[in-house]
Structures are given as structure tokens and as C-alpha cells.
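Take a look at the letters that make up each chain.
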Amino acid sequence: MPTNKLAVAVSPHIREDVSIRKIMYSVLIALVPALIGSVFFFGPRALWLSLIGVASAVATEAGIQAIRKVPIEVSDGSAALTGLLVAFNLPPGVPLWMPIIGSFVGIALGKQVFGGLGRNILNPALVGRAFLMASWPVEMTTRWIVPKYGTLSGIDAVTSATPLGVFKSMNTILADPAASLIEIQKANTILGKLFDSWGNLFLGNVGGCLGETSALLLLIGGIFLLWKGYADWRIPVGYLVGLGVLSWAFWGRNGLFTGHPLFHLLSGGVILGAFFMATDMVTSPVTPRGRWIFGLGCGIFTFIIRKWGGYPEGVSYSILLMNIVTPLIDRYTKPKIFGEKKNKDKEQKER
Amino acid sequence: MDFGNIMLIAVSAILVNNIVLAKFLGLCPFLGVSKKLDASLGMGMAVIFVMTLASAVTWIIYEYFLLPIPKNFIFRFFHLFDPSVTPSMFDLAYLETIAFILVIASLVQLVEMVVQRISPPLYEALGIYLPLITTNCAILGVAELNTMTNHYSFIASVVHGFSAGIGFTLALILMSGIREKLELADVPPSLKGLPIAFMVAGLMSLAFLGFSGLKF
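Top line first, the protein sequences correspond to chains E and C. Counting from 1, one number per residue, gives the positions in the first sequence under the numbering used here. Counting from 1001, one number per residue, gives the positions in the second sequence under the numbering used here.
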């Protein structure tokens, strides 16, 4: 036996009983309020979609692990979490087979081909969503359900699209040089109403993907995770600050710093993405500095895709893009070892 | 051609129509040299250099030697002796591919000699891949996009070539970071090496779909 060089004090010791299973189930519990809210707003269909997503993710993981003849570890809850997040990223009106395909692709192509939990490069749930988005774009962007106590856009004037969809189409009208004065005035009125409707956005009384609408319920779960330390606070803070500052500074119509950051932070999947998907321990950087970069980068990409991109929403793609950059972030934010000196000659010899 | 248009071409070539992740050209060097970050940086630089130069040269060849227009040099030459010839008699656009390959091949030979002289380690690291750029579809594809497909002006062609090279380098560097991380992963034996690299490339292009429709 090797000599133990660490001095160990006499008992009692404080023991940390954090395990993968505990973290995954905590995240699942943290998502329960949003799920309840979603069932409340969109009806029992939300529950069925979520259950189908979870079941198919677990079945896929177990099946692949059985084929690979490795220990079957679906009880750790990571596959269930992926399945739930896939369902949370679907419009509530999609056909019931969609979460099955999303979960299968997410688990099989996003996770198990790399060797399973801890090896995946991209967030499996978002791989599933991106795949569905590329394969069935119409279903993924039109099958919204009107929430029980409100309208799809959160305001009364327009009822045909989600807040971000309305925002995008109104901005297209404003940018169109051929638009008539009446159209422009109407667009301005609607935009004004949209910015004032943040109460609906905060409660989740708007149309949107299944689990992303209610900022309040997601924040309850997210803050629980931050408090337990299962998600690093730097990533969501960096994300929200990056997106908020950019949309405040560059997205106003009256010059710099006249935008509406609150609207951009509460609409779409920003809260869900920032607290539950960007903070995935496997696919986000390890170093504190890297996590700041990761969070800010997600915010910047979300802003770019929302402002100039073809889609109204950019949260999922921005997180996937930052997941791709994560290995490089980790590489360049490695902290210097204490006492380490730059020795270029030696480094070159080692290569 | 105004500045905004040039910017649009650059951003489009880097992100939206990334030569590797959206057009799926140049996969050979993309998968071959992306195992190590250093080598992929060198490869990226070589591709940027060759693409920019090739864009410039092939544009000149196309406009002044292949197209049947009055400024065609071959037409002008014969016009000196026989005023009855017309530009349409000198339509050599069907030679485009072969002319471009010839030009690009000699360019790559030049780059190879320069790299061998200036940086022997880089030359060793690139190994077989620098000669492979000779017939690289990415570079030929960019030259073709500049001329036949998009009819860019000279400046736009050069900018497009340069930014397509940047886009290639970006994809290559991201890929090499991921593949260095994957060295430690417990990838199933049947997927080790090239198959998993193709899967990563597919997932990367899925993520780059987020940029589709980007316009300013």
C-alpha cells in the first residue's frame, strides 16, 4: 500500500454525499414546477409529451448499453433528464411521436456514440431539438397551443404567433422601406404592447415551447440548483448579462441603450437554457474564467441569431455553438500552476 | 460594390455558408488534419493563403481569358490581325475546371516550396495534405462560386476566398479541440477514429444551422 501523504484528522468527518444520481434527480425535481405550470397552461398534453420523452430516452439508453454490453446505468437519472429537456423544447402541439425521435437522436447520436455520460461534446437534449428542427421545421415552429388564460403572444392585438415570432415579424415590417405609414404605426403599437406585457412573460401565460414559458417557475428551480451548487452561477449570470446588455444597448429604435432587456430575457427559452441546459456539467467549461466566457458567449450568440438570424429564437443553437467551443475554452483558460514559468524552448522540445 | 455587401459576403462565407459545415466541401483535409490543434492551425493558414490567391487569379483568368466578352485577351489578340472576329468565337468557359485546376495546382506547388523553406516543422506536420490542396474541392469550389455561380466582382471574389478560408480554419480548429478531447472518451470500438469524427462533423453542422438565414 502506498503511504498516505494527506494528513487525515480524527473522526467525525464532514462527508459530502454528492453523486451523479443525486444531482440528476435534483435537476429533475427543479424542473417539476415548470412541468406543473406547463400542464396548467397547456393542458394534460404537456404531461404526456414529457412522459413519452422521458420513457423513450430511458429506453434508448438502456437498449444501447445492453447492446454495447456495458453496465446499464439508466437509474442515474441522466437519460430521464435528457428526455424531459427534449420534451420541454418542443411546441406543446407537436405529434406524440416527436419526443420519441428527439430523445432517441439525443441519446444515441448525442451521447452514447461518444461513450455515454460524461463523454458527450454537445448537450444531448439540444442535439435532439436541433435534429427535429432540421427535419420538421414546420411542426417545430407552428404547433403552438394557446395558454389557457391568455393569448399566444401575451397581448390581445395579435394572436397568431409567440412573443418572439411577433417581435420578429414586426421588426421586419419596420425594416421594410416599402411599408406604409399605417403598417409602421401598427407595428410600433404592437411592439409597445409587447414590451409592456412582461408580466405575462414572467408568469408564463404566453405561447411557446412546452417548458420554457414560465420564467417564474423556472427561476424557482434554477435558484434551487444554484443554492445546492449543482449548477455554476457564473454561466446563467454571464448568459443573462450578455444578452441583457447587448439587447439593451443595440436593439433600441432610438439609438444606444434604449432596448428592452426585460422582454428579451423573459421571452423564449432564455431562462430554461441559461439555468438548465447551458449549465450541464459535461458540456460546459471546467474553469471559472471559462464559465464566464461560456455564459457571455451564449448570450452573444443568442443576440446575434435573434437579431439577424433566420429563426426568431436562438437559445438552443447558441448553447450548441458554445458547446463546440468548450474544449478550446478549457484549453486556453487553464490556470497557471503556482510557480510555473513560461519556458518556450522546453515547450517546443516537448512537441 | 459597397462596404455592407462585402461584409455580408464575408459573414456569409464564414458562418452561414461555411465551406465545410454547410457546403460539405474540403472534408478530406478537415478530417485528416484535425487531430492536433497545431497542425490544424498550420493547415488553416495554408488554406486561407491558397484560397485568397486562387480566388484572385482564377477571377482574372475567367474574366479575361474564358468569357466571350470584348475584354477577352485572346479575342483582342486575334482582333488585331482580323477585324472580322467576334467575342462569341472565343467562348472558353467550358475549360473553366481544367484551367482552374492547373492554376491552383501550380499555386500549391509554390506554397509548398515557401513552407518548406520557411517552416520545416509545419511542412512535416502538413505532410501529405499540402499537395492534397492541389485538387481540393474546397478551393476549386470557392473559385467556381466566385465566377460561375455568383459573378462576384474582383474585390468580392478575393474577400469571399479569404473569408471562406477563415471559415474553413474556424471549423478545423473547433474540430481539433473536440477531437483532442475525444481521445480520452470511451468511444465504442466500431466508431473509433474516422466514424466518430464524421459524427462530430455532422453535429457541428447541425449547430451551425442556427446561423442559417443570417442577414444584416
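Simulated from the structure, these hints should not be mistaken for lab results. A portion of the hints provided could be inaccurate.
[To be verified] Under the rule of at most 16 Å between Cα atoms (straight-line distance), these lysine to aspartate or glutamate pairs were calculated in the EDC-like manner:
#1 E:LYS186 <-> E:ASP176
#2 E:LYS168 <-> E:GLU183
#3 C:LYS1215 <-> E:ASP330
#4 C:LYS1035 <-> C:GLU1124
#5 E:LYS186 <-> E:GLU139
#6 E:LYS228 <-> E:GLU16
#7 C:LYS1036 <-> C:GLU1180
#8 E:LYS69 <-> C:ASP1186
#9 C:LYS1181 <-> E:GLU16
[Claimed, not checked] For the chain E half of the interface with chain C, some residues (derived, Cβ under 10 Å), not all of them:
#10 LEU47
#11 TRP48
#12 SER318
#13 PRO327
Beta carbons are placed, not taken as given, at the ideal position from N, Cα and C, and that holds for glycine.
Checklist line | Proposed proximity, ASP1186 of chain C with LYS69 of chain E (alpha carbon, max 16 Å) | finding: holds, 13 Å
Note to self: Hint check: LYS1181 of chain C vs GLU16 of chain E, CA-CA at most 16 Å. Holds or violated?
What the structure shows: violated, 29 Å
Margin query: Take the shortest C-beta to C-beta distance between SER318 of chain E and chain C; is it under 10 Å?
Written below: holds, 7 Å
Note to self: Need the status of pair LYS1036 of chain C, GLU1180 of chain C: alpha-carbon distance at most 16 Å?
What the structure shows: holds, 7 Å
Check: Against chain C, with CB atoms and a cut of 10 Å, does the hint on TRP48 of chain E hold up?
Finding: violated, 27 Å
Notebook entry, point to check: Given the hint that LYS1215 of chain C pairs with ASP330 of chain E, does the C-alpha gap stay at or below 16 Å?
Noted result: violated, 31 Å
Notebook entry, point to check: Taking only the CA atoms, is the gap from LYS186 of chain E to GLU139 of chain E under or equal to 16 Å?
Noted result: violated, 29 Å
Check: Straight-line Cα separation of LYS168 of chain E and GLU183 of chain E no greater than 16 Å?
Finding: holds, 15 Å
Notebook entry, point to check: Going straight from one Cα to the other, do LYS186 of chain E and ASP176 of chain E come out at no more than 16 Å?
Noted result: Holds. LYS186 of chain E to ASP176 of chain E sits at ~14 Å (cutoff 16 Å).
Item checked: Status of the PRO327 of chain E interface restraint (C-beta, 10 Å, chain C) -> Interface hint status for PRO327 of chain E: holds (4 Å vs cutoff 10 Å).
Margin query: Tell me if the interface restraint on LEU47 of chain E is satisfied: Cβ within less than 10 Å of some Cβ in chain C.
Written below: violated, 29 Å
Checklist line | Given pair status - GLU16 of chain E, LYS228 of chain E, alpha carbons within 16 Å | finding: holds, 12 Å
Taken one by one, the earlier hints fail for this structure at numbers 3, 5, 9, 10 and 11, listed in ascending order.
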